[in-house]
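**Student:** Starting from the given sequences, assemble the full structure and let the hints guide the process.
Residue numbers (our numbering), protein chains in the order written: chain A, 1 to 110; chain B, 1 to 114.
Careful: at least some of the hints might be erroneous.
Below, in silico cross-link-like pairs of lysine-lysine (DSBU-like), each with a Cα-Cα straight-line distance of 35 Å or less [as the list claims (entries may be wrong)]:
#1 A/Lys107 - B/Lys102
#2 A/Lys45 - B/Lys71
#3 A/Lys45 - B/Lys102
#4 A/Lys97 - B/Lys11
#5 A/Lys107 - A/Lys97
No wet-lab data here; the hints were simulated from the structure. Computed from a predicted structure; not experimentally measured.
Each chain, written out:
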Amino acid sequence: RKEVEQDPGPFNVPEGATVAFNCTYSNSASQSFFWYRQDCRKEPKLLMSVYSSGNEDGRFTAQLNRASQYISLLIRDSKLSDSATYLCVVLPPGTYKYIFGTGTRLKVLA
Amino acid sequence: DTGVSQDPRHKITKRGQNVTFRCDPISEHNRLYWYRQTLGQGPEFLTYFQNEAQLEKSRLLSDRFSAERPKGSFSTLEIQRTEQGDSAMYLCASSPGAGDEKLFFGSGTQLSVL
Numbered sequence: 001r002k003e004v005e006q007d008p009g010p011f012n013v014p015e016g017a018t019v020a021f022n023c024t025y026s027n028s029a030s031q032s033f034f035w036y037r038q039d040c041r042k043e044p045k046l047l048m049s050v051y052s053s054g055n056e057d058g059r060f061t062a063q064l065n066r067a068s069q070y071i072s073l074l075i076r077d078s079k080l081s082d083s084a085t086y087l088c089v090v091l092p093p094g095t096y097k098y099i100f101g102t103g104t105r106l107k108v109l110a
Numbered sequence: 001d002t003g004v005s006q007d008p009r010h011k012i013t014k015r016g017q018n019v020t021f022r023c024d025p026i027s028e029h030n031r032l033y034w035y036r037q038t039l040g041q042g043p044e045f046l047t048y049f050q051n052e053a054q055l056e057k058s059r060l061l062s063d064r065f066s067a068e069r070p071k072g073s074f075s076t077l078e079i080q081r082t083e084q085g086d087s088a089m090y091l092c093a094s095s096p097g098a099g100d101e102k103l104f105f106g107s108g109t110q111l112s113v114l
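**Tutor:** Below you can see the structure in the form of structure tokens.
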């Protein structure tokens, strides 16, 4: 089993739609989780950290499910500018070796 | 711009040549990382520094790869005797540490080995 797994997509959704991505992780003791956004041929940029209680930033909501070992990202009212690859990142315990998923591609269609 | 800076942005080299990349982290960030990314994949961990100490290094890294961070400021990544399989985007990131674990990436160095 991979340490961090994501559905690569692509997810093609119309503008205004709600879309959700999941990411599973293998190390149950992991404590820190993040979502990064990466545009084509650009560097990853932090979208949001994922807290145990869940967190929301505008149209974006991130949640953590420790029992099932996954994190999720929900995007409401999708915009054309949301088209990108969304990377799930997990920091296992006892290390500073951040583990990235392969990313989920999102394409928002006009 | 006070973000992470990487140089060069692009490097084309012939197989067998040595290349060196530089990374300047956000000032006062004591943690610095090197990652490698190929098309369709997520970034893959190469190595990590806490100040000037190299604390972790990927087992995937061969002896041809070496990284330094003298004085705990900028870092260099050297690849000796490059191979075509080394072609990738090399990303540097820094993190404040001290409880703040967010990673901030530079624009990367795109390496093409011919």
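**Student:** Does each hint hold? Answer for all of them.
**Tutor:** For each hint, the structure was consulted:
Taking the CA atoms of A/Lys107 and B/Lys102, the gap is near 26 Å; set against the 35 Å cutoff, the hint holds. Restraint check: the Cα-Cα separation between A/Lys45 and B/Lys71 comes to about 27 Å, which is no more than 35 Å; the hinted pair holds. Between the alpha carbons of A/Lys45 and B/Lys102 the distance comes to roughly 10 Å, so the proposed pair stays at or under 35 Å and holds. Taking the CA atoms of A/Lys97 and B/Lys11, the gap is near 26 Å; set against the 35 Å cutoff, the hint holds.
Using a Cα cut-off of 35 Å, the hinted pair A/Lys107 and A/Lys97 holds, with the two alpha carbons roughly 30 Å apart.
The structure shown violates none of the earlier numbered hints.
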